[in-house]
Every structure is written in structure tokens, then in C-alpha cells.
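Q: What follows is each chain in one-letter form.
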Amino acid sequence: MPKADVLLSGVRPLNEQACDVWISDGRIRQVGAAGSLVGDPHTVRPNVAGQILLPGLVDLHTHLREPGREDAETIATGCAAAALGGFTAVHAMANTAPVADTAGVVEQVWRIGQATGRCDVYPVGAVTVGLAGERLAELESMASSAARVRVFSDDGICVSDAVLMRRALEYVKAFGGVIAQHAQEPRLTEGAQMNEGALSAQLGLTGWPAVAEEAIIARDVLLAEHVGSRLHVCHLSTRGSVEIIRWAKQRGIHVTAEVTPHHLLLTEDLAATYDPIYKVNPPLRTVDDVTAVREGLADGTIDIVATDHAPHPHEAKDCEWSAGAFGMLGLQTALPIVVETMVASGLMSWAQLAHQMSVQPARIGQVDHMHGRPLQVGEPANLVLIDPQKRWTVQPEALASLSRNTPYVGREMPASVRGTMLRGEWTVVDGELQ
Amino acid sequence: MRHLLSAADLDRDRADSILNTAAQLATLQNRSVKKLPTLRGRTIANLFFEDSTRTRLSFEAAAKRLSADVITFTAKGSSVSKGESLKDTALTLEAMGAEVVVVRHGASGAAHRLAHSGWTQAGVINAGDGTHEHPTQALLDAYTIRDRLCAGAGNLDGLRVVIVGDVLHSRVARSNVILLGTLGAEVTLVAPPTLMPKGVESWPCQYTYDLDEALTGADAVMMLRVQAERMNAAYFPSAHEYSRSFGLTAARAQRLADHGIVLHPGPMNRGMEISADVADGPRSVVVDQVTNGVSVRMAVLYEVFGARAQVGAIGNAEVDNFIGGEPDAQG
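One line per chain: the protein sequences are W and P, in this order.
Per the numbering used here, residue 1 is the first one in the first sequence, and the count goes up by one each step.
Per the numbering used here, residue 1001 is the first one in the second sequence, and the count goes up by one each step.
Hint data in this document are derived by calculation from the structure and do not stem from the laboratory.
From the three backbone atoms N, C-alpha and C, an ideal C-beta is built for every residue, glycine too.
Some clues are possibly wrong.
[To be verified] Reference excerpt, derived from the structure (chain W facing chain P, CB under 10 angstroms, subset only): (1) Leu203; (2) Pro209; (3) Ala271; (4) Ala272; (5) Pro380.
Next comes chain P alone, as it looks inside the complex (with noise of 0.2 angstroms):
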């Protein structure tokens, strides 16, 4: 895999082993020395054209963990906020050796352009362009729900998932659409009908306005950020009355199955899309979301470094290897 900027560029073989290779990195997480030598002397650079704290910081610990050396350019302090585009920061860091671009950018398709370009011979993995995808997200949710339900392993044949809110500008939306629907999910989103995307009917899920039709019976619900903004552009009358159609609140947990689980890609608005007694619950799994997010994205980096021509074979079995050895502890 040269580059991961579409959860569509996933089949499920594909999307599975990266799963797999998460799950056996995941047990690093338990050691003292949380650290592999497989990237040693390699470069990585986080772009980060918009504020993403937890992105950033979640691809910067898988990049260590992994022993690669890690150049971070963040929108603030940089001279991206002076107006540098992004092929300027894209040459540059392409001067500076690094191999794979981890790029966040407020434009839709950034990470394609960075991609195909020209600019840069860089892999470059998607970490949220603009509306459009965010496929580590929709990896480490997926995780997260087969973990959870299905035992760390399997697959998620039959298993409904209902995402809830502002699905017209969100990047979570539709990675986790189209991911969720090739491992096998059943997927739903619900929304009022100005924040649901035209043309959603050929989506590859279900749609609907209600959120208590949908919830009922389902396996795990993911809650999207909604935006303050978007209530001052009419998509809805005011945040009382959006949080009483769409918000997750006790009482409406109740309706999934007994072993339902709530996702949030967080940061949330407690009391906006879902109450503080929710997303501090039991069912609630955001914390895992993050941890596992780690362990995703550290897979996601041997898959696109695998790829590169020059470097040698990083495969599930040499994972395997440092896993069962000894790891590496000067990395």
C-alpha cells in the first residue's frame, strides 16, 4: 500500500491485516519498553495544516514507537501560517528526506493532491482532508467495535453500527461508511435532513431521521461532533432542539443491544451530542478509541513503509518476530 487516503483504497483482506498487525502491536501497549527498532533511521513527517491535538500526538507516538524519526510541521509556528502552500511544505519536507507524509488539511482531497501531484515521492497517508475521509479514524473505530464485540478477531458480518450528527461535513462519516461496509457491517446514519449529504441514498448504508428507530437493537453507536457553527448557518434552529432529536442521552442508550457500545471521535460537546452520564458510562468506549488509535496508525505506517522499494521486507512475520523477542530497547 504506497499510500492510504481513502478508506476506499481498503479491501477487506487488505483492511483485516492491518487490523491483525494492530491487534499483535496492540500488545506492546502492556511493556515497559513500548518500542520497536523497525524504523530506525526512517523519516516521518506530520503535516498538520489545521489544529488536531490528538491526531497529531496519536501518529507521533505510533512514529516513535516504531523508532522513526519524526519532523512535525504544525499550522501554528510555522511558516504555513504565513501562507506557504502546501507544495512549498511538501518540497521542503521532501528536501528533508522524510518518506511518508502524515498530512491534516482543511482542504478536501489535500492528501490525494499531495499523493499525485508530483510534488513529492512521499507515501502519504491520509489523516483528515477537509469533509472528505479520515481512514485512520474509521481503522481505529473499527478496531475498537471488533474488539469490543467480537473478540479482538473475526469480522463484522452482520453487526450494526448506527453514526449519528453532522454527516454532510464529516470526514469520520464517511471513512467509517465505507470501511465498516467492507468489513461486513451493517451501517446507518441518522441525521436531520440539512446536515445528511445529498445523493446519501447511493450510499453503500441505510439513512434515516430517526434516531430511536435506529438505535434500537443496534450493536455500537457513534456519536459525531456537531459543530456550534453549524446552528448559526440554519442547519438547525438552535442546539436545545437538536440535542432532543439527535442527542444521546441516557435514556436513549438503553434502546441499543445489552452489549451496544457508544464511539466518539471526539472532542465532544457533553450535553450537545451526548449527555456526560453517556460518555463517561460503561457503554462508552472513547477512551479505548484513543488507545487503539495508536496501535492502528502504528500498523498503517509498516503497511505504507512496506511498500517503499527501498525498504526491506516488513511484513506481519518480522512483527511477529520482535513481538515474541525481545524488543529493542535502546530504539
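Here chain W stands alone, though its shape is the one from the complex (with noise of 0.2 angstroms):
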């Protein structure tokens, strides 16, 4: 059955001029100024005037717990996350059970996101077998699998032996992958739960400090220029951490990086009430941290913002800090902070949001011949509606995912995911899964 048509009137692609967008069979048909279009008898017209259209959201970390962790999140519910948080690809960590290593696995996970049909599902494969930093994973076997995996990634647990990941770093470039590194020197961060400074002291948290992420970090960024390989750093969270890539930037080393929502917004000090919805890794940080990530994402020294969406079932938070799991959800609320944070502040535009969140992440990801493309004639269909001024207030209970681990309940976002469409088809109208 042919896709029927869709005729967005008076739509402003990156928030600017309004135009009518014309889609039909899954592509952009036809772009013009805002009341041109008429489309055939037969086009449906929504009524989205004044919404910001922006390429489908890309995120490039999300756990997604299928296989294995059915109990907090599955591959369908976290799509559904990821729709109505303005997500049309989304690539899943390879901290699963069991791990995604190997070429079966991924193509497991590639599958049933194929299957769901409401976000293009990439997983990601581990470095090592099993996460366990002691042997590279069949990282080929998992890039010329049907999942075509490009990422690589041990998330969750740092490559920390130097040999590995320099073996890793050159190895994938036999197939143009990319290593991402969750950096976190694990001497430095035994027991760690918190960001280490004088609130850590004070409450008797154990510290996480800086330095186990920005040594990591250097040593990542030297061996990725000796070997001339890529290198992607997960999720970074300092302001050394930002001044390193900066530098090996400036040096022309082929490295890119990450921030998450909850890094541009929240602080070390919400630790004070040990409730461990606020226990995530790398932990908050300070609020020079914040301003220097902030700073870092508005300058492109950090290339996109993915959101780490991290689900754990009720009772892995409701219990002491240090008993918690570490993480955070993150697909549906990930666009209205970065608007609060880095928009309304006036640090970037919508069309360096869309660049950040959408074309960046594609590419890095290598998924940018479907995703993150740009609003033209015949390109796919992988659209975000954006309503810039209708508030909402984050209800746990009202999430799609099934972990309820939210640390924004009760909070008020400035904005609102209005329709998803992936390849054409609606995932979100007015706000609801379809």
C-alpha cells in the first residue's frame, strides 16, 4: 500500500523562514514558500503551521537492554521512547546479555529494531569480548554482518589497556569503524560514586575525580594520531575533559566527542540528597564543568549531544546512593534540555541543534546516507516537528520506556516533540506514539 502523502503547510525547517513541505513515498517531493503548495486530493494536511521542522534526531548512545534486561527496557519500548523524544536512529550499546560481540548478537538487536518499525535501531558493537578488556571482540565479522556495524564501543567500562585500544584504534580502520571510548581510568575510580571535590568529602561519597577521565582522554587522543585512526570520546563531562579535545583538534587529530543532556544541566550537589536517581557515569559535576561543556557543544569543540539513555528497573534506585545503579533516562527529555541549556540561552540555533544532534551524530555513526540529511527535495523523509512553545512537565509514570529512572520529575521543559516521522511515516502525531 502506497504511503499517502503529506503536505506540511507553513513548517519552519531550523526554526526559519516558513515554507510548505511536500512529502510523498517516503522522500521530500516538493518545498516551497508557506501557502504555495496544495498537494493532490488525496495529501493529508496536518495543521503544523509555525512548528520548527528539523531532521530526525540521531543518537549515537542509548541502551536499549534487549537482550537480557527485558525488565527495564526493551528494544520496541525504548523506540518508542526515542519517537516521541524526536528520534528517528538511534545506536544501542553493546552492554547487553549477552554482550553484543559478536556478529549474531548485533544482528539480533538489528532485527528486532527493524522489526518495531518506529526508529532505525544501529547497534553497536563491543571492543573486547564480553567487556572485559582482555581480547578484541570479531569486530569485522560484526561491520560486514547485516547490522553493518561502524561503532565500537565497550560503554560502561573504559578500554583502559593502552595495547587494546591501540590495536583496536588501528584495526577498524581496515573498515572505516570508530572507537568509542567511555573514558574512566579504573585505578583512579575504584568504588567511585560521585564527582570527587569537596562535596564528595563532605558527604563520605567516594570520589570520581576529573583527572581518571581527562588521562584517559589524552592518552586516547595521542594514540588515535600515532596509529591515524578515529577515535569518538563517550559522554565527556569536564572542563579539562574539554580542553584536551580542543587541543587535539587544533593538532588535527581525528577525534570527536559527546556530551549529554544531563551534563549541560544538572550538578554534583544534587548528590546531597543520596537519592541515586541522581547517580549517573560519569557522574554530575560542578558548575564550571557545566559552562565549559556548554561552551565546548556551542563552539563544535563537542560534536553532538547524545543522551546515554540508561534504564534501570525501580528497585536498582529506590535504595541507599551506593547500593544504586548508575544512569539516567534520557531519549524524551534529551531535545527540551538542550533547548533550555544551549538554545534559550542563546549559545546556539536551531540549525546548529539540528547539526549537533541530527547531521553530527549521523555521520559519526555512519548512518548519514538515511539520517541527519538535509531538509532538500528527495531526500528520506526522517522528519522532527517541534512545537517551541508548548511546556510540558516530565510525569515518570507517562514516559514510554519502562524504567521509570527520570531525575527531572515534577520538572518543567520548554519545549515539545509534536510529530516524529520516520521514512515517511508518522512515529509521533500531536505528540502521541502512533
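Make the complex out of the two chains shown on their own, each in a separate frame, by following the hints.
A: Structural data, given as C-alpha cells:
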């Protein structure tokens, strides 16, 4: 059955001049001045005038928990959350059970993602067998599998062995892969619970010092330079990390970096509640670090925003701080938090937001044949519509994730995703999942 | 005072009031019948996820001397050791009618979490949480200093107290820095730099790496227990070197003011942080600390029960009356 044509009248691509966008057969068929397009008699004309149109968002860092922890999230529920958050593609991290360290597991994840139909799921392959940090997983097999893996990461665990990291960086050059490093020197962070500083000392919580992140990033950019490979730095969180990446880029090293929405907004003082809803890895940092990562994102030192969406069941958070799991939900709140911290604050435009939440993550993940495309005739209709004035309040039970571990309970969000479209099919209409 | 979670919950008036109440209660110790009927029929739960014979027995004695019923959970021999969560244990105690929970837990913030998570309506007394705080220990230390150096009354203004040892991992040090500061004492922390917390310069106290300098003319020194596993984690090279730089020997103790006293929260590593002759010598008030712990914890239980709506007035006047009158022999 052919897909119905859709005419988006009076939408504002990248928050610029209003125009009409006609979508037909999964692609953008025509773009014209506002009010100039009429479509065919059977064309659907939703009332979306004034909404901001962006390319569908792409997340380079999502934990979908399937296979293995379907009590926390499934590929289907994670994709529902992604669609409601405005995403048309997510990269699913490898720390599942079994670990996504073989062609078999990544193909399974890829196929289930295809079947959900709400969001493209691109599996990330593990760098080392079982995330154990001892020997390389079969990276080429995953790359040449049906899942076409290009991003490899032991996320959750740092590839701390310098030789292993060097080999991984070298090995993926054969098929153009990228190693996404979770930068955390393990010995400096044994038992770590929160950012190390005066507050951690006062609260009696073991510190996670900034240097444990920065030392690994510094080592890895030098390794990437030495072997001439590509490095991606996951969820960087400190001022020092931003400075190292800035230095590396000036030096011409092929490094990209991401920051999470929560590191753009929240600070370590929330640990004083001892409520592990605020426990995340890397930990929430200081106000100065938040300022630095915002500046780094604004000036492009940090390439992208990635959610590090990390669902956990209720019992993993309804406990004392040190027993609590690391991680927080992110897919449905990512866009409004970037709007609040970066756009509303005047640090970036909507066009830059689209660049750093869609275009660039698609490029780093090498899915830019399909996602993060320009809003032009002939391009795949992977789109998101945003009402920049419609505020909403986060209610955990109203989120699509199976888990409820959002740190934003009761917090008002400044913008709403109203529609999401994957290859011309609505996955979200009027803020409702289709 | 609904809960006692941190020494920071106590302003100077409140701390003074608890210490004064404890001083009144201490007179009970000299009686053959050491019991008041005040909390008869009320239930206190002692929830000890960590081994702590000393603190647990002290709270038990305090509760029993106030005629309360005591339920004791310890990690060994209860479902706690089978992985039952803090939350489930709290719900169980709530269902059993515990009105006040005394909690010792290995996780920093466990008492705070118990008080604020909605798992229980009970008042919560922190009996030591991880490397965070141990406020009743600080109260008994303050009481002991006041008893020895200020004739059991008045304030600690201008007294110099030195705290020595594994400050980084010490809940006793954290609570004492706060409480002794509140009471007007000048606190100096002494530790090797590896065992000094990051950000200590922002704490309301002095710090130094030189024990001899800090001890000179001090009114009191508190030696913290140093655990052997710290050595294995490379906080210091050897017990011998630690002891040489940071151990309290008889010769070092002579640097204290003539009236200077030596405290230790126990259990002591004789020969490590403190030499046996100092531990057992005339300056040592270690045994007093244990005795005073019971009175101070009785005073804290008074305070916390006193804040509960359904409890009738339990104030100092009532304590005076009980102490002034005949103790209840049946309690």
C-alpha cells in the first residue's frame, strides 16, 4: 500500500522562514513558500503551521537493554521513547546480556529494531569479548554483518589497557570503524560514587576525579594520532576534557566527542540528597564543568549531544546511594534540555542544534546516507516537528520507557516534540505515539 | 528534633541542651536502679547492617534505661545478610511499630535515605553511615571533653582539639569537626596527605601534616583508628612509618597541655595509632567515652521521641522530675 502523501504547511525548517513541505513516498517531494503548495486530493494536511521542522534526531549512545534486561527496557519500548523524543535513529550500546560482541547478537538487535518500525536501531559492537578488556571481539565480522556495525564501544567500561586500545584503533581502520571510548581510568575510580571534590568529602562518598576521565582522553587522542585512526569520546563531562579535545582537534587528530543532556544541565550538588536517581557515570560535575561543556558544545569542540539513555528498574534506584545503579533516562527529555541549556540561553541556534543532534551523530555513526540529511527535495523524510512554546512537565509514569529513572520528575520542559516521521511514516502525531 | 542524621542538624542551643540532659541522666549511673519509665511501651529498632558491638550495646543500654522496647537487627543472623534491602528492612520495622530507628550502615547517606525516602515514618538516628557521619559519637566526645576540661558545664570556646589519623574515611572525624566547631572549639586535623579529604581547606577547621606541631599545647587529642587495609591500598608505605609519623607515643603526648586528654573512638590498634602506655595512661579518657556514650544516647532518644507528635511532653523538666523523684523500680 503506497504511503499517504503529507503536506506540512507553514512549518519552519531549522526555525527559519516558514514554508510548505510536501512528503510523498517516504521522501521530500517538494518544498515551496508558505501557502504555495496544495498537494493532491488525497494529501493529508495536518495542522502544524508554526512548528519547527528538523531532520529526525540521531542518538549515538542509547542503552536498550535487550537482550538480557527486558525488565528495564526492550528495543520496542526504547524505540517508542526515542520516537516520542524526536529520534529517528539510535545506536544501541553493546553492554547487553549476552554482550553484543558477535555478528549473531548485533544482527539480532538490528532485526528486532527493524521489526519495531518506529526508529532505526544501529547496534554498537563491543570492542572486547564480553566487555572484559582482554582480547578484541570479532570487529570485522560485526562490521560485515547485516547490522553493518561501524561504532564499537565497551561503554560502561573503559578500554583501559593501552595496548588493547591501540590495537582496536588500528584494527577498525580496515573497514572505517570508530572506537567510542568510555573514558574512566579504573584504578582511579575504584568504588567511585560521585564527582571528587569538597562535596564528595563532606558527603563521605568515594570520589570519581576529573583526572580519571581526562587522563584516558589525553592518552587516547595521542594513540589515535599515532596510529592515524578515529576516536570518539563518549559523554565527556569535565572542563579539562573539553580542553584536551580542543587541543587535539587543533592538532588535526581525528577525534569527536559527545556530551549528555544531563551533563549540560545538572550538577553534583544533587548528590547531597543521597537519592541515586542522580547517580550516573560519569558523575554529575561542578557548575564550572557545566559551563565548560556548554561552551564546548557551542563552539563545536564537542561535536554532538548523545543521551546515554540508561533505563534501570525501580529497585535499582529505590535504595541507598552506593547500592544504586548508574544511569538515567534520556531519550524523551534530551531535546527540551538542549533547548533550555543551549538555545534558550542564546548559545546556539536551532540550525546548530540540528547539526549536533542529527547531522553530526549520523556522520559519526556512518548512517548519514539515511539520517541527518538536509531538508531538501529527494531526501528521505526522517523528520521531527517541534512546538518551541509548548511546555510540559515530566511525569515518570507517562514516559514510554519501561523504566522510570528520570532525574527530571516534576520539571517543566520548554519545548515539545509534536511529530516524528520515519521514512515518510508518522511515528508520533500530536505528541502521541502511532 | 525529628531525626539526628548529621552533627550539622545540631545548632549550639540544641547541642548544649542534649549535653545538659545527658549530664543530668549521667547521675543515674550512680544509682543501683538505673532506669527511667519515660519511654515505657515505646519501640526502638536498632538496625545494624555493619558490625559494631560497642555502638549497638550503647544504644541498647540507653533505650533500656529509658524503659523502651528494643528490637535489634544485626547483619549477622538476620535476613539482612541474605541480601534483604534497607528498604525492606525499614518496611518490616515500620510494620512492627518501631517509632525510632537507630541505623548503622556501610553506605554513606543510608540514614538520610531512611529518613527521607518515605519508606518509614519513624524518627531516624544515625549510628554511623559509611564514611559520612557518626553524630552521637561526636556528642559523646564533646560531652567527655566538657566533662573533663570544663567541669561538666559551659562551652568549649577556645579549646584546641586535634584529630589525628584516617580523616578521609572517618565518619567520627566529620561529625566531630562539625559539632566541636559548633560548640566553639578550635579543631586541627592531622593526617598524611593521602588520608586528608580533598577540599579539606574549606572545612571549618585547621589541618596540618605535622603531628608534633599540632599537639603542642593542645587541650585534647583524638586518635582515629587506622585500618590495615589502607596500607594495602597504598595510602601509606608501612604500619611502622605511619606509626612513626602519626602514632601517639608517651613522648608525643607530653606535648599536650598539662591537662590535655587523649580520646579514641575505639577499637584501638595499640602500637599503631596509639601506644599502649598512652592508651592506658592517665590522660586517656577512652573508658569515660564509653560510659558517657550511654547518657548521651539516652539524651538523643529523648530529643527524637520528644519531636514525635503522639508523644507527650518529654523535656528537661520531666527529666529533672524523674531524676529528682524516685526512679520507677518496675520499669
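Q: Are Ala271 (chain W) and chain P close enough, Cβ to Cβ, to be under 10 angstroms, as the hint says?
A: holds, 9 angstroms
Q: Can we keep the Pro380 (chain W) interface hint, with Cβ of chain P closer than 10 angstroms?
A: violated, 48 angstroms
Q: How about Leu203 (chain W): closest beta carbon in chain P under 10 angstroms, or not?
A: holds, 6 angstroms
Q: Verify the interface restraint on Ala272 (chain W): the C-beta must sit less than 10 angstroms from at least one C-beta of chain P.
A: holds, 9 angstroms
Q: Per the CB criterion, is Pro209 (chain W) less than 10 angstroms away from chain P?
A: holds, 8 angstroms
When the structure is compared with the earlier hints, a violation turns up for hint 5 alone.
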